[in-house]
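Once you have looked at the hints, place chains X and D on chain Z.
Below are the chains, spelled out letter by letter.
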Amino acid sequence: MSPMPDNWGYVLAAYGVAAVLLVGYWRYLAARAHELSQPVRGGRKGQA
Amino acid sequence: MTAYARRTWIVLWKDLLTERRSKESLNALLFFALLLLFLFEFALGPDRERLRAALPGLLWLGFVLSGLLGLGRSFIVERDNDCWDGLRLTPGDKSAIYLGKLLGNCAMMLAVEAVLLGLFGVFYDLALGPVLAPLVAVLVPGTLGLAAVATLFAAMTAHLRARELLFPVLLLPAQVPLLLAAVSATQAALLGQPLSEVSHWMKLLIGADVVYVVIGLLTFEFVLDA
Amino acid sequence: MTTRMLGWLALLGLGGGLVAGFGYAPREVAQGNVQRIMYLHVPAILTAYLAFALVLIGSVGYLATRQLRWDRLAAAAAELGVLFTGVTIISGSIWGRPTWGVWWTWDARLTSTAVLLLVYVGYLLLRGMVDEPDARARYAAVVGILGAANIPIVHFSVKWWRALHQPSTILGPEPSPIATPIALALLVNWVAFTLLFAYFLARRMAIARLEEHA
Numbered sequence: 000m001s002p003m004p005d006n007w008g009y010v011l012a013a014y015g016v017a018a019v020l021l022v023g024y025w026r027y028l029a030a031r032a033h034e035l036s037q038p039v040r041g042g043r044k045g046q047a
Numbered sequence: 000m001t002a003y004a005r006r007t008w009i010v011l012w013k014d015l016l017t018e019r020r021s022k023e024s025l026n027a028l029l030f031f032a033l034l035l036l037f038l039f040e041f042a043l044g045p046d047r048e049r050l051r052a053a054l055p056g057l058l059w060l061g062f063v064l065s066g067l068l069g070l071g072r073s074f075i076v077e078r079d080n081d082c083w084d085g086l087r088l089t090p091g092d093k094s095a096i097y098l099g100k101l102l103g104n105c106a107m108m109l110a111v112e113a114v115l116l117g118l119f120g121v122f123y124d125l126a127l128g129p130v131l132a133p134l135v136a137v138l139v140p141g142t143l144g145l146a147a148v149a150t151l152f153a154a155m156t157a158h159l160r161a162r163e164l165l166f167p168v169l170l171l172p173a174q175v176p177l178l179l180a181a182v183s184a185t186q187a188a189l190l191g192q193p194l195s196e197v198s199h200w201m202k203l204l205i206g207a208d209v210v211y212v213v214i215g216l217l218t219f220e221f222v223l224d225a
Numbered sequence: 000m001t002t003r004m005l006g007w008l009a010l011l012g013l014g015g016g017l018v019a020g021f022g023y024a025p026r027e028v029a030q031g032n033v034q035r036i037m038y039l040h041v042p043a044i045l046t047a048y049l050a051f052a053l054v055l056i057g058s059v060g061y062l063a064t065r066q067l068r069w070d071r072l073a074a075a076a077a078e079l080g081v082l083f084t085g086v087t088i089i090s091g092s093i094w095g096r097p098t099w100g101v102w103w104t105w106d107a108r109l110t111s112t113a114v115l116l117l118v119y120v121g122y123l124l125l126r127g128m129v130d131e132p133d134a135r136a137r138y139a140a141v142v143g144i145l146g147a148a149n150i151p152i153v154h155f156s157v158k159w160w161r162a163l164h165q166p167s168t169i170l171g172p173e174p175s176p177i178a179t180p181i182a183l184a185l186l187v188n189w190v191a192f193t194l195l196f197a198y199f200l201a202r203r204m205a206i207a208r209l210e211e212h213a
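Chains as they are written, first to last, in numbering that gives the first Met the number 0: chain Z, 0 to 47; chain X, 0 to 225; chain D, 0 to 213.
Any given hint could turn out to be false.
As the list claims (entries may be wrong) - The list that follows gives simulated cross-link-like pairs (lysine to any residue, SDA-like), each with its CA atoms no further than 20 Å apart:
no., chain 1, residue 1, chain 2, residue 2
1, D, LYS158, D, THR110
2, D, LYS158, X, HIS199
3, X, LYS93, D, ALA134
4, X, LYS93, X, ARG5
5, X, LYS202, D, VAL59
6, D, LYS158, X, LYS22
7, D, LYS158, X, ARG78
8, X, LYS202, D, ALA162
9, D, LYS158, X, GLY56
10, X, LYS93, D, ARG65
11, X, LYS13, X, LEU88
12, X, LYS93, D, TYR48
13, D, LYS158, X, LEU178
14, X, LYS22, X, ARG78
15, X, LYS93, D, ILE144
16, X, LYS93, D, VAL59
17, X, LYS202, D, PHE155
18, D, LYS158, D, MET128
19, X, LYS202, D, PRO151
20, D, LYS158, X, LYS13
As the list claims (entries may be wrong) - Computed beta-carbon distance windows for the label pairs:
no., chain 1, residue 1, chain 2, residue 2, range
21, D, ALA63, X, PRO129, 45 to 55 Å
22, D, ALA162, X, LEU34, 32 to 42 Å
23, D, ARG3, X, THR1, 57 to 67 Å
24, D, TRP102, X, VAL139, 35 to 45 Å
25, D, TRP103, Z, GLU34, 33 to 43 Å
26, D, TRP103, Z, GLN37, 53 to 63 Å
27, D, ALA162, X, LEU194, 46 to 56 Å
28, X, LEU34, D, ALA29, 24 to 34 Å
29, X, GLU40, D, TRP103, 51 to 61 Å
30, X, VAL213, D, VAL18, 47 to 57 Å
31, X, ALA161, Z, GLY8, 34 to 44 Å
For the record, the hints were derived by calculation from the structure and aren't laboratory data.
Just so we're clear, the structure is a prediction, and the values are computed from it rather than from any experiment.
For glycine and all other residues, C-beta sits at the position ideal for the given N, C-alpha and C.
Isolated chain Z, as found in the complex (with noise of 0.2 Å):
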């Protein structure tokens, strides 16, 4: 029986999407932050 081939495309490909989720909830949690940290201009309402 011949060995699986390598498949690193696939690694890559999931590893680089869990990057991109990753790293884009990082992003949207230091955007929110820094939105939330500016002085409220008139009464803004947040979302939880």
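This is chains X and D only, laid out in the frame that chain Z set:
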């Protein structure tokens, strides 16, 4: 009768009476069930065998879809007629209201299911007589589980502007295990197998029912708070 | 600033995890290097389970105490749970393509995980559609409790359902006797993911707190 049982009965009786007088929901729901039958026939095409094989699933699809329509409206009457505060301010255990609504919803769903089952029997030439007992044995716990979660979520979404969207979105994922169990058990029943062969499914159905009803009883008051 | 420290620790952990997964762990015999996706996939789902457990705790906590910080916990944990479940499913699907030949299969584990995702996406949708904080917290808590109670029920129902339809065995993601280097690499990655989760959770809850006072 204990005060709790009386309260439950009052809610149930009120709903049954309202429905009997106006007949609006039940009639439309029954008609909807009939329409579903035609939909399944048209969607699944002329292949008789494929349809027959899919019958247990189609039956429960019909029940769930009807439930989405009929059960979502459980608390509309109270909402529309300004009775919500009346519910909220009821003295004592609010879970009695949940129980009353649940029993009423079960009655409604079982009526729709009986009709749909009958229609299936007619349109697809099924011999329902000999398998009626095991069928009912599956239908009742399946319906109870559906109604238990639906009644809770109906109360929750009654006041939300996105009610028609949120109710199905919340209800359907919760119904997955019930659907799987009910379809498998119904298939066994329709094939004439004794229910003991699908006892694990029946146990799952009943176990799930217990969990859902208990959670409903315990959390209903939190949903009712305005 | 412990949150910031947590963030750096998480980053360190993730780096260590990558080293362990690609440098230290050997090439798996049966599957080849594609198996290394498991160092991402397994920790992700474990982290998701942790998240959903916290949703339950937050839900019960809010109904018991009516203190909004429990709701903040539940909401943040739910968001993270959906995120990590998404990573799980996508990485699992990408792994499945070369190994099983398909992007998706309705086997028990995948199906259960997908249903889990559906439940908590619904949870987040509900939260998005209720403006009043107390009502939102109450409704979310009820859905959270029901969702959590349903997890074992879903697990068994899907398992039995598949057993009926697929008597043939399907390769699970990890080999049955797990070699020590592989187990170690998994552990390192799992710890890294847990640190990352804790960091995200802390930041998300802090944001929720700020939003309440906005």
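*Tell me, in ascending order, the numbers of any earlier hints that this structure violates.*
Hint check: 5, 6, 7, 12, 18, 20, 26, 27, 28 and 29 fail, others pass.
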